[in-house]
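Peer 1: Line order of the protein sequences matches chains Y and H.
In terms of this note's numbering, the first sequence is residues 1 to 163.
In terms of this note's numbering, the second sequence is residues 164 to 591.
The hints are simulated quantities; they were obtained by calculation from the structure and are not laboratory data.
One should not assume that every hint holds.
Calculated pairs, DSS-like style, for lysine-lysine (alpha carbon to alpha carbon, straight line, at most 25 angstroms) [to be verified]:
id	chain 1	residue 1	chain 2	residue 2
1	H	169	H	242
2	H	534	H	581
3	Y	114	H	344
4	H	588	H	337
5	Y	114	H	534
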Amino acid sequence: MMDLTVNGAVARVDVDPATPLLYVLRDDLGLHGAKFGCGLGQCGACTVLVDDRPVFSCLLPVGAVGARSVTTVEGLGTATAPGDLQRAFLHEQAAQCGYCIPGMIARAEGLLRKTTTPTEDEMRAAMAPSLCRCGTHMRILRAVRRAAAMRGGGVIDSAEPVT
Amino acid sequence: MRTGLKRAITALVVVVGVCVVVFAVIAYRPAIAEVARPDPHAFDAGLVQRGANLARLGNCVSCHQAAAGRPYAGGYPVKTPFGTVFGSNITPDAATGIGGWSPAAFRRAMREGVGRDGSHLYPAFPYTHYVSVTDRDLDAIYAFLMTRPAVRAVPPSNTMIPPLGFRPLLAGWKLLFLRPKPIATDPRQSAEWNRGRYIGETLAHCTACHSPRGLLQQEKRGAQTYDGGWSGGWYAPPINARSPAVRAWTADRLETYLRTGLSRDHAAAAGPMGPVTYNLARAAPADVRALATYYAWQMRDAPAARREPALPDRRSFATQRHLDGARLYEGACAVCHEPGAGMMVAGRPALPLGTPLHEDNPRDTIQVILKGVRPPVSARGPFMPAYGDALDDRQVAEIVAYLKMRHGTGPAWKAIKKDVAAARKEGE
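For reference, chain H alone in the conformation it holds in the complex (with noise of 0.2 angstroms):
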């Protein structure tokens, strides 16, 4: 008996030894040694554009920039069920930047999700989309960084709930959800499709917002691809089949839109959405035309591009259901949103169209309140007031419901009140 336990034990610490030392292997990355921050004189400078072009693609600066912070220097908070992970200073400053970094440690944190030093990167940080971006287009990359102004800054240390702070977890999660995904060219596809292709799915990253996420945050993959995610509070809708808009999205329309912030079939781009349209905005127009023609083609089954629906103006029915809400839309909507005002005039999207509205959740619909509507590209863009502060969570619910069933599709959303604080509270 006593035998019997002590090789029970014995086998459990084996086994359990043999499980830490495989792990340590799996998880082991080595430190790759620092180099001297690289001259950025001796970049070729048709590099440095083409790196600059492609992190415009990629969107890097939202996530590498504070509120408040300087360019590529790190500190935006990126809010996981797990804590929040902060992006990282990516200016060639040696002590606080990636100045000491030699191009393999980038590419290695590129691909793999390992930072110089060989710790593992929390994948906030989208490397399971970069992991299939070309070594020629990672030089680029490098160069534009390298040739930022080095910014000395840290940004705040991530708050991850315990054990998930222990970074080596991370390689297993690694395991489990980082596939390099080759990205072959299709043949019976267009060259711009193609292009558009390899940049959506790599580093512009666009399923990291548009697609659901699973119980360990990878994204979901397969059928369930561009089915509409979450990003910053806001609702990143479905952009393949089941999108919600009643205005089909051509190639023409969604290239207007991604370069201006704005469709006036559909709206202005808003929340996390705002930045992704001024980077590409300053991007190369024929590689945004070509993210247009991939993502017309996801979308060419949705149901606005067989066919655009009328769109009824339930006006009175909506005010006898949301009477409150009716006279708060008299007073603080109506005077730019209404047929004949100002806005409209302007060429700005009327608000059936709106997509929010036909969407199957009304979260964008109370972000777009609660925050208004920045400019998303320039000074002249689109602009809405923000509401945050005048309405209370009852007022914008009442708002929401009545815009709902006056101009909205689908089934009827519920619990908006609730939402509405929820919003409140993950936009903070």
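Just chain Y, with the same shape it has in the complex (with noise of 0.2 angstroms):
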């Protein structure tokens, strides 16, 4: 038996510590969000937050959680009452497929918990971790600069002029 403290409360799980974070969350306490794509931490359809910390669930032994608080995308708004990332999302539609998208999330709310003032290419290296196989990239960048916005910064152009 462990604790484990996910979207700010504490569930206890009977689980080998070996077993993947994902698993646990999804078999265990039924939160789909996020998503098995590879399981190799190559794709970042299970990204989750650990401790404000981007992270693949997929890798994640649920025995090296420890005391660290899981964050995972039900954790940043619900259906009705939606987070500001995820309404930038929406009104990005950055979504085709949507496999991607809460491990997108869960990345461009770990940048944006660092620094709401990200430069273009900071914003880009952050989100490169998690693949996106419809294309939607331009659209999911779109959104993560609006949710910038909406915290008060924004992404900034970082490239020297050429002369």
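Reconstruct the complex from the two isolated chains, following the hints.
Peer 2: Structure below.
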């Protein structure tokens, strides 16, 4: 038995500590936001926040989480009261099939918790570990820019001018 | 008595005065007149192309490009025990780059470490190696740089500890450590070997990372050359007879590694070596082959060159000793690294072959776990996710200890957890 803090609430789960956090979230806690994509930390569909940092939950043994708090896309708002990132993604219609989006939103949340004024390059670098097979990357990036602005910041273009 | 004191003071003043004058004479370098930015179309295309190849062999862009900056516009932080030096803007922008530099000013900078304005440059810029580059090659690199897009960018100011912000002091460093090292052809060796030595010892400046450094950050020469060194918080292992690799670095294997960023008998290029292979993959294949020939020769007496050892899997023993590490490995690593996993089927190096596990310190194993591996050469290359945000210091240390015990060779590593914290700090 172990205690796991997920989206602000403590849950008691009875699992092998080597079980990936993703399986516990989905199978034991019924949180189906984070997805199983590749199971190899290569696609980002399983991304959740652990203490404000985006991690691949498919490769994080649940026993390694310890006292750290886990945030999934469900923790950022609800269908009736979506959070700012969720509203930004809706506004930009950033989802096509939507499979990558919970991971994308978790990743963007991690970035914006670090800074609401990332540079364009920092934003792209932060989002890069999550892949979208539909190809809505440009809309996803627009949504992140929009959310940064909603939080009083914005994404800064950092490249130097060519003379 | 009073006269004696006066004399002593006078003598001291004279001695100090003479020292100051002598030092000023030694340290003084005149400015070289500024020229109008050369017309990029005036350069011979063949010369520019040769320069492009040489710049790739020299990995210039690694230090002369910031993480989010434009190529050659500078800004990469080189951290030294004496402070941080930022790569300069070497695009032909007249105001912030080297657009106003004549070929003579460029040659002097490369050979003597002196800027166009006469100021001494920090040896983070490896002029101790460029001193032996031929005029012909320097002119080709000049032509290449002068035909790049000019970028207006000023890198951050260096943060050197006092008094090292006073650049004339560097003249003293140069007196001690800047030695012209003529690279004469060795008639006993092949033309390819000689070409490899010329590139490796000059432009490619491999020893800058792969040799230990002394108190004043000078590279240790002689018997300690290529004995392993440090770069950006990573360990650059020995590439001589002390190479820790458990499979021989033949010229063929080394050529593949340098051109693809991956040797299936050793490891993927990670950390600062990734960009090196990125550039070598885009350099002239014959030159990379020459480098491989020369450095395979450097490692000809390494243990694995004589006999490739069997690699026992001490799985149950390691699990008993490091149960936490074994469990973490099971959940975080095994899905890719165990025999039969998808990654193994794709021809990636098996964990027991990984050179980091056979090094005399845990740093590279730690860094690979913390930062992962990005495809070094092209998008299809080897990839490993970073665990720096997922695992804490203790957990990383547990996995490292487990891996060393299960697959590693050489003496056990000590104080691993402390080194995880240090690796995080140095990697910032």
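Peer 1: All hints are to be evaluated individually against the structure, with a verdict given for each.
Peer 2: Okay, the hints, checked on the actual structure:
no. : hint            : in the structure
1   : H:169 <-> H:242 : 47 angstroms, violated
2   : H:534 <-> H:581 : 17 angstroms, holds
3   : Y:114 <-> H:344 : 49 angstroms, violated
4   : H:588 <-> H:337 : 31 angstroms, violated
5   : Y:114 <-> H:534 : 18 angstroms, holds
Checked against the numbered hints given earlier, the structure breaks hints 1, 3, 4 and satisfies all the rest.
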